[in-house]
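Visitor: Chain by chain, the residues run as shown.
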Amino acid sequence: MGTMIQKSGAGYRHSPETLNLSRPELITSFHRAYIEAGADIVYANTFGANAYKLAGSGFSTERIIRAAIQNAKKACEGTDALVALDIGPVGMLTEPAGAMRFEEAYDYFKEQILAGDEADLIVLETMTDLYELKAAVLAAKENSDKPVLATMTFERGGRTFTGVSPAAAALTLTGLGVDALGVNCSLGPDELEPVVAEMTRCTDLPLIIKANAGLPDPNTNEYNILPQRFAQCVEALLPYGVRFVGGCCGTTPAYIAELKRVLEGKAYQPCPKTVGTAVCSASAVVEINEPRIIGERINPTGKKLFKQALADNNIDYILTQALSQASGGAELLDVNVGHPEIDEKKMMVRVLKAIQSVCDLPLQIDSTKPDVLEAGLRAYNGKPIVNSVNGEEKSLATVLPLVKKYGASVVGLTLDENGIPKTAEGRFEIAKKIVARAEALGIDRRDVYIDCLTLTVSAEQDACRETLRALHRVKTELGCKTCLGVSNISFGLPNRELVNSTFLTMALEEGLDLPIINPNIDAMTGAVRAYRVLAGIDKNSSEFISSYNDAAPVVKPRQASFSLEDAVRGGLKNEGAQATEQLLADTDPMEIVNSRLIPALDKVGEDFEKGKIFLPQLIQSANTAQVCFDVIKKHLSAAGDNRVSKGKIILATVKGDIHDIGKNIVKVLLDNYGYTVVDLGRDVEPQLIVDTAIEQNITMIGLSALMTTTLKSMEDTIRLVRSTPALQNPDGSSRCVVFVGGAVLTEDYAMKIGADYYCRDAKESVDAAKRVLG
Amino acid sequence: MITLTPLNRREAVRYLGGAGVQMNAEMERLMDVCEAQLRGAAQPKVVWKRIDLPCEELTAGEDIVRHLSGCTQAVLLGATLGAAVDRLIRVAQIRDMAQAVVLDSMASVAVEQVCTQADALLARQFPDMYMTFRFSPGYGDYPISLQADFLRLLDAPRKIGLTATEHYLLTPAKSVTAIAGLSRQPIEKQRRGCAVCSLRNTCQYRKNGEHCGF
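Respectively, the protein sequence lines represent chains D and V.
If you count the first sequence from 1, position 340 lands on 1380 in this note's numbering, and the numbers rise without skipping.
If you count the second sequence from 1, position 73 lands on 812 in this note's numbering, and the numbers rise without skipping.
Warning: the hint list may mix true and false statements.
Claimed, not checked - Subject to a maximum C-alpha distance of 27 angstroms in a straight line, what follows is the list of computed DSS-like cross-link-like pairs (lysine-lysine): (1) D/Lys-1150 / D/Lys-1393; (2) D/Lys-1313 / D/Lys-1150; (3) V/Lys-788 / D/Lys-1150; (4) D/Lys-1462 / D/Lys-1515; (5) V/Lys-898 / D/Lys-1047; (6) D/Lys-1181 / D/Lys-1150; (7) D/Lys-1047 / D/Lys-1344; (8) D/Lys-1047 / V/Lys-788; (9) D/Lys-1347 / D/Lys-1686.
Keep in mind that the hints were calculated from the coordinates and are not lab data.
Extracted from the complex, chain D is given alone in its bound form (with noise of 0.2 angstroms):
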């Protein structure tokens, strides 16, 4: 359609779309050269009618696509054509490399599904963010019962703008259900093997191929595949099981035309996935073909800090465990986030998004609650697993059902009403039980991971026998992949470590695929890669030689040459922690913190000030300051001791800016100076702002706002405070300290809307806060 605008030379103001106003029977002539050329599905001229891209354009979505789609009807009159609901990109990134939440762009696909409900079917394309295109495919779904077909749009080197695998494209959309999947836009057919390939190998659905007619001319906009040739390449990709052809940019009628003449009695050849198992994010593809690593650290039972972390909103916490066992050798991480002080679905939603927006590894969303369990599924980008659903009525019947609408993989717990069976065949039977009914529901038992449950082997010594011999069943008699938490193995033992990792060692023999483990300690770690070299999975060795050959020598402790405050300064945070504790047996915790440790760090934001030192240096002289509070931190709260927070002070980047690394700062520079930050991210709505200074009794709030264009925000968010009853005192003036920083406020623009200090970087921050709470 976009190839016949240009070519015709047609005028229209805004965007293409409005010519199915202007201009109808253009657009229906258009139309009808298709499908006089062959073409069985015609798109109608709705690509970009969202409500984003027609703003300005003086047209509303419904009343373009309506248009649009009658202008199809007219041309596919007296044949069989279908006529296809057009629906590309919003137009901007979603979250987190954009703005745009996951929740918009499902509301932008609803009005436009809604409007196009004349269409035979629905068409998702030139999408490159898996994420936006998991919110379309939702919209449609939820909104209409028409068929769907989806494709995305990849760059020579196989991946899209945002960095998506045609592989974690295909098993995403295969399980939220689409009918047919592929790849339009993107390259010329002849360049398009490899993707195609990619995709079929992870999906039993038709595949669709609707590549550009090759590359454009910059200057003359001609294209460099001609019809024949473009027809020949689509065909020579006919074996990967594709069942839709078409063209997308540079395409005219007589390539469709070629394509019917070239395909002419040609059926459609399915063509089985070969991949098994497999889970995503929306950049990495984990195959369950091989013993995998699981996460456990991202749970916070039994873990004071974590608890303390969920409380806090400390989602930055969270990041860090999640980076440090990717760092560790974990392949998928476990994301419980229950704790009876929170809502668990705001927060399993938050911290989902959050860890996708810095580790590509594929997650196990963890929760005891369908409703939490659907929030994350829904929030999540790829295909995930569901821990858990287990033999009880209640559980099979709400959890597996949200398995298969999303398209997860699910760890089945063998247990039920009456507890966990002591013996292996007990669990094998609700084993079988589980993975029936997953079938019932069209849930492939490949994607059910079963769980025979590790008991304490120091309360009940033959348990372990029990949950090995389950194991061992599961595996060879039902074909399922199976699941292991390892720890709780050794509970109450002495020298756990070793039992846990003799355990991990007997399970993978077994059959054990997916360890829960913590990938930190290395015996853990090591027991998997060193069974993956003795199964004769690790070929020749080489994941293992590169896993441990160029390890870091081990560096003999130094001996403490360094105090305090030169540690600091140097940026030495193992040095730090050293001087710290040796203070610490002689000195006063609280003095440690106010004669040494705050005014080293004072002296270092001095030199920054006076430009002696750069800012960098700055930040690692204050890591260095927190690893040491972290140190008396420790100390004191053995000894029930909490007085180390100086106050608590809120900070957020404001509504409408996602630029926030300003902020960030300030929160390194806070915290290393004893604050407890409250850190409510970017893009924040200024009623959480006051509602969170109200729940937590918080009167000091820093702001940062990046562009001209969001200082509107700071001013609204300010006023919003100023004006909150609850943040005033009897007399009617502010209980809070407002604070603002950011590349274009000055001082006179933060007096004027109203902030109480105007903080030129992270240093005079520090400086407010200390007038403020001392």
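Since chain D is already given, all that's left is putting chain V on it; use the hints.
Guide: Chain V only, in chain D's frame:
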């Protein structure tokens, strides 16, 4: 196809606000690490389009009129380092904030380098034309809200994956849009610098007696 060449570290240091600071070995090491990461992650892409002037859609304020005076045509340019660079900086903010700020400033240098390379590419495309320097939404009184129109006219979302938020922030963040005038006659050397900058009263560089490079 654009490939990054070694980055101008003096520029990066200036973006870090450390123009007057004595360079030291530790900073050099940090910059080595960051530059390697950045060049590994960056996927520089540019898109351009020649348009005829006057272009009503892209005319707003006085500065652009002055900038394009005497030009019969103009080139629109979109340039980006790609989404992976944003992610790299995001990850660094969790792992090591000191690295994050260095990466951030080096990425700004890198996207400027991409634009400079694009200038050379355009000069080759239009050998018989004179070209003004690049002028971007947000310069002078040229409204930043025009980002949306630049992106639409360039088909930038589809061609190079470049979009803007509702508040006109470019995403990926390390990106540029700009317009440069084309003329068959030599163009009078235009003034760049603080005098035509809308941030001249608030600029940190200026307060410190420095210059941002514009």
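Visitor: For every hint, state whether the structure bears it out.
Guide: Going down the list of hints, with the structure as the test:
1. Using a Cα cut-off of 27 angstroms, the hinted pair D/Lys-1150 and D/Lys-1393 holds, with the two alpha carbons roughly 22 angstroms apart.
2. Annotation: proposed proximity of D/Lys-1313 to D/Lys-1150 is violated, straight-line Cα distance about 31 angstroms (limit 27 angstroms).
3. A C-alpha spacing of about 33 angstroms is found between V/Lys-788 and D/Lys-1150, which places the hinted pair above 27 angstroms, so the restraint is violated.
4. Between D/Lys-1462 and D/Lys-1515 the alpha-carbon distance is near 19 angstroms, which keeps this suggested pair within the 27 angstroms criterion.
5. Taken as a hint, the V/Lys-898 and D/Lys-1047 pair is honoured in the structure, with Cα atoms around 19 angstroms apart against an allowance of 27 angstroms.
6. A distance of roughly 10 angstroms separates the Cα atoms of D/Lys-1181 and D/Lys-1150; the hinted pair therefore holds under the 27 angstroms criterion.
7. Our distance criterion of 27 angstroms between C-alpha atoms is broken by D/Lys-1047 and D/Lys-1344, whose separation comes to about 66 angstroms.
8. With a CA separation close to 17 angstroms, the supplied pair D/Lys-1047 and V/Lys-788 stays within the 27 angstroms bound.
9. Using a Cα cut-off of 27 angstroms, the hinted pair D/Lys-1347 and D/Lys-1686 holds, with the two alpha carbons roughly 20 angstroms apart.
In the structure shown, a violation is registered for the earlier hints numbered 2, 3 and 7, in ascending order.
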